[in-house]
Amino acid sequence: MAVKVEMPKLSDTMEEGVIASWNVEEGDTVESGDVIAEVETDKATMEVEVFDAGTILKILVDEGDAVPLGGLIAVIGEEGEDISDILEEAESESGSKESSDEEKQEVAKEADEEEESFDPVFGDLDEKGNGQPDDGRIKASPLARNMAEEQGINLANVEGSGPNGRIIKRDIESYEPSKAPAAAPAATVSREDKEHRVSQMRKTIARRLSESKFSSPHYYETIDIDMSAVWDARKQLNEISDTKISFNDIVVKACATALRQHPDINSSWQGDKIIEHGDVNVAVAVGIDEGLVTPVIDNTDQKGLQQIAVESKELIEKAQNRDLQPEQMEGSTFTVSNLGMFGIEEFTAIINPPNACILAVGAIREEPVVEDGEVVPGKRMKVTLSSDHRIVDGVSAAKFLDTLKRMLENPLGMVL
Amino acid sequence: MAELQFREAIRAAIDEEMSQDENIFVMGEEVAEYDGAYKVTKGLLDKYGSKRMIDTPISELGFAGIGIGAAMNGLRPIVEFMTFNFAVLAADQIINHASKARYMTGGQVEIPIVFRGPNASAGQLSATHSVSYDSMYAHFPGLKVIYTSEPADAKGLLKSAIRDDNPVLFMESEQMYGLKGEVPEEDDFTIPIGKAKVKREGSDVTVVAHGKMYHVATQAAEKLAKEDVDVEIVDPRTVKPLDMETIVKSIRKTNRCVIVDEAHPFGGFAAEVGYLIQREAFDYLDAPVQRVTLPDTNAPFAKNLFDEWLPSPDQVIDAVNTVTYRK
Chain F
1 MAVKVEMPKL SDTMEEGVIA SWNVEEGDTV ESGDVIAEVE TDKATMEVEV FDAGTILKIL
61 VDEGDAVPLG GLIAVIGEEG EDISDILEEA ESESGSKESS DEEKQEVAKE ADEEEESFDP
121 VFGDLDEKGN GQPDDGRIKA SPLARNMAEE QGINLANVEG SGPNGRIIKR DIESYEPSKA
181 PAAAPAATVS REDKEHRVSQ MRKTIARRLS ESKFSSPHYY ETIDIDMSAV WDARKQLNEI
241 SDTKISFNDI VVKACATALR QHPDINSSWQ GDKIIEHGDV NVAVAVGIDE GLVTPVIDNT
301 DQKGLQQIAV ESKELIEKAQ NRDLQPEQME GSTFTVSNLG MFGIEEFTAI INPPNACILA
361 VGAIREEPVV EDGEVVPGKR MKVTLSSDHR IVDGVSAAKF LDTLKRMLEN PLGMVL
Chain L
1 MAELQFREAI RAAIDEEMSQ DENIFVMGEE VAEYDGAYKV TKGLLDKYGS KRMIDTPISE
61 LGFAGIGIGA AMNGLRPIVE FMTFNFAVLA ADQIINHASK ARYMTGGQVE IPIVFRGPNA
121 SAGQLSATHS VSYDSMYAHF PGLKVIYTSE PADAKGLLKS AIRDDNPVLF MESEQMYGLK
181 GEVPEEDDFT IPIGKAKVKR EGSDVTVVAH GKMYHVATQA AEKLAKEDVD VEIVDPRTVK
241 PLDMETIVKS IRKTNRCVIV DEAHPFGGFA AEVGYLIQRE AFDYLDAPVQ RVTLPDTNAP
301 FAKNLFDEWL PSPDQVIDAV NTVTYRK
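So the protein lines, in turn, are chains F and L. Using this note's numbering, the first residue of the first sequence is number 1, and each one after it goes up by one. Using this note's numbering, the first residue of the second sequence is number 1, and each one after it goes up by one.
One or more hints might be untrue.
[Stated by the list, open to error] With the Cβ distance kept under 7 Å, some of the chain F side facing chain L (calculated, not the full set):
#1 Ile138
#2 Ser141
#3 Pro142
#4 Leu143
#5 Asn146
#6 Gly162
#7 Arg406
[Claimed, not checked] Computed cross-link-like contacts, BS3-like style, restricted to lysine-lysine with a CA-CA straight-line distance of at most 30 Å:
#8 L:Lys39 / L:Lys51
#9 L:Lys39 / L:Lys303
#10 L:Lys51 / F:Lys139
#11 F:Lys139 / L:Lys39
#12 L:Lys303 / F:Lys139
#13 F:Lys303 / F:Lys379
#14 F:Lys203 / F:Lys313
[As the list claims (entries may be wrong)] Examples of chain L residues lying across from chain F (beta carbon under 10 Å, computed):
#15 Met72
#16 Arg256
#17 Phe282
Derived from the structure by calculation, the hints contain no laboratory data. Beta carbons are placed, not taken as given, at the ideal position from N, Cα and C, and that holds for glycine.
Can you make the complete structure from the sequences, with help from the hints?
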């Protein structure tokens, strides 16, 4: 009995998966638990295991193609088994294939029509090709195309003197940029637009952040924090810690401690109710080549700085290698986004749903400050809290920021 | 160098080769006592005797078969057909035996034979005497096909054909037998089979033409030169194996091509060369390749129709104008 292998749900927000690679070919035998394919989901590249032993009878999806959840990707069974029923069923479900067949028939029909204008004695009846419809395509001889490319000439600006406006060698030779319809400056070279496939990750970023920004009313509060105490504390901590503790680790720890004191910030909007989360799970936004991910440090408030440093280092590494498991990106109650390392003084972030708030952390600035009426060297850092006004009001957000500021200005308080 | 007629150049090639290898003999209708229907073999009976200059009955299938048998047994026959139009009768021997025996015996048998004679039309001779057969024979693996245009090429290539250990079809033209040209006299003068020659250099268009059509192309080129169109003419000389390298090299320079062929259009030499050009020189083409061939109809007898039927310089000029976008 043949078994269908369908696109599994590999993360709770996944709607479709792209086959990143196949590990098997048609005709290979597989055992239960074998990994037959890698699938790129909205979050990570995941392995697809099979639960049945048998022979791969059919692979229905090419590498790079997207398949909706539950879509048939392969069939496993006994060698020689008739799977036409399964394939027919899959075929009738996907309308796109039918339309491509129709296109093929159309093309064949066109070819027939073209042949009618061909006579074996005289060749093309309309030798100069004047009977061809103007399909809007730029017609150019292969040579003219090559010459244009070499000289950086945009064929769209060249007038063709051949039949049907075909651009030919002499048109390129006599082309003068100044006479081009676009009247572009002589020195500029027009380069073609590039199209990039939207990756699953980018689709997810687009969908989730649009949803957040358009449905939750954001407002922003910025506070300036004296970081000189943290600066000194970090230096001392790193003398005894096995893992190097970053400023961000300290900010994450401070947030977690402050969140425990301000449960209204550690909440989610659910339409008819607001969930106040029991756990404090702080997510850290990590920028990677393809986009960004937000791995979560669970129970952040219960962990020491060193453990937070270890975990966040590991999560960042995994994120950069796209090795994060979906569960490592789930369950956050608050998010920290830090662009300080790029010298960004302050910025506003979009709330990472279903969080109520996100903290945007700027760079630590060394600058003169006035203390007790005297100008002294200072270390300052601005943080901006984006809050969802449906859950958090301005005063609540301000109180949270005040707690956070006090934590960071008196880091020993976190130890309490 | 000596100025020789086409027929004299062929005779010189046969004579020189026969004098050096006694396994070579000539067989065909009227080749001995009558000195050849077109006087190609004039004087060779006196020189080599009736054992090596053999008159045959009018029986192309029979003497083609005898020739192939002789070749299989170590002789090197030159079989003359009064025209390749008559050799259709011998096609079974040429196509089914000469071309395949070496292949089917796993190389145990060699067939060093030359079939030669005039090809294609020669004026108002009507439908059964006017067909060009080089494309047809070139279709078959195991045959080499040569159709030359000038006396020197004829001598050099016929000598190579006689020395070749495979069946070669060597084609001439009744209308070219009187054509004169400078021909090298050395005994060791040969031209390798499968080498084309650029016979006229030009920059605007490549005209590929062989055999009698080379002269049609030349006339067209001379007329076009007066209109400042610079024609390059490539004479493949050997139809198979074909020297595409020389043709493509020329097209890379001129970017346009017209093929002139004395055969019918369907599946002919021009069709094959046109295909190879689009494959090998696509990126260098500024215009679709044009061809000038016989139409897909039999030779008419009436003079006015015949003149329209045979590719002419004017037809070549039209095609050149099309590929150079002049008209």
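>> Please verify whether Lys51 (chain L) and Lys139 (chain F) have alpha carbons no more than 30 Å apart.
In response: violated (67 Å)
> Holds or violated: Lys39 (chain L) with Lys303 (chain L), Cα cutoff 30 Å?
Replying inline: Since the Cα atoms of Lys39 (chain L) and Lys303 (chain L) sit roughly 27 Å apart, the hinted pair holds (cutoff 30 Å).
> Regarding the hint that Asn146 (chain F) lies at the interface with chain L, is the smallest CB-CB distance below 7 Å?
Replying inline: Since the shortest Cβ distance to chain L is 5 Å, the answer is holds.
> Holds or violated: Ser141 (chain F) as interface residue toward chain L, Cβ cutoff 7 Å?
Replying inline: holds (4 Å)
> Can we keep the Ile138 (chain F) interface hint, with Cβ of chain L closer than 7 Å?
Replying inline: violated (15 Å)
>> What's the verdict on Lys303 (chain F) and Lys379 (chain F), does the C-alpha distance respect the 30 Å limit or exceed it?
In response: Within the cut-off at roughly 27 Å; holds.
>> Run the distance test for Lys39 (chain L) versus Lys51 (chain L): straight-line Cα separation, threshold 30 Å.
In response: Distance ~19 Å between Lys39 (chain L) and Lys51 (chain L) Cα, so the pair holds.
> Would the pair Lys139 (chain F) and Lys39 (chain L) pass a check requiring their Cα atoms to be no farther apart than 30 Å?
Replying inline: violated (56 Å)
> Would the hint on Phe282 (chain L) stand, with a C-beta cut-off of 10 Å toward chain F?
Replying inline: holds (5 Å)
> Does the alpha-carbon distance linking Lys203 (chain F) and Lys313 (chain F) stay inside the 30 Å limit?
Replying inline: Measuring from Cα to Cα gives roughly 26 Å; hence the hint holds.
> Does Gly162 (chain F) pass the interface check with chain L, least Cβ-Cβ distance below 7 Å?
Replying inline: holds (5 Å)
> Measuring from the C-beta of Arg256 (chain L) to each C-beta in chain F, is the shortest one below 10 Å?
Replying inline: holds (9 Å)
When the structure is compared with the earlier hints, violations turn up for hints 1, 7, 10, 11, 12 and 15 and for no others.
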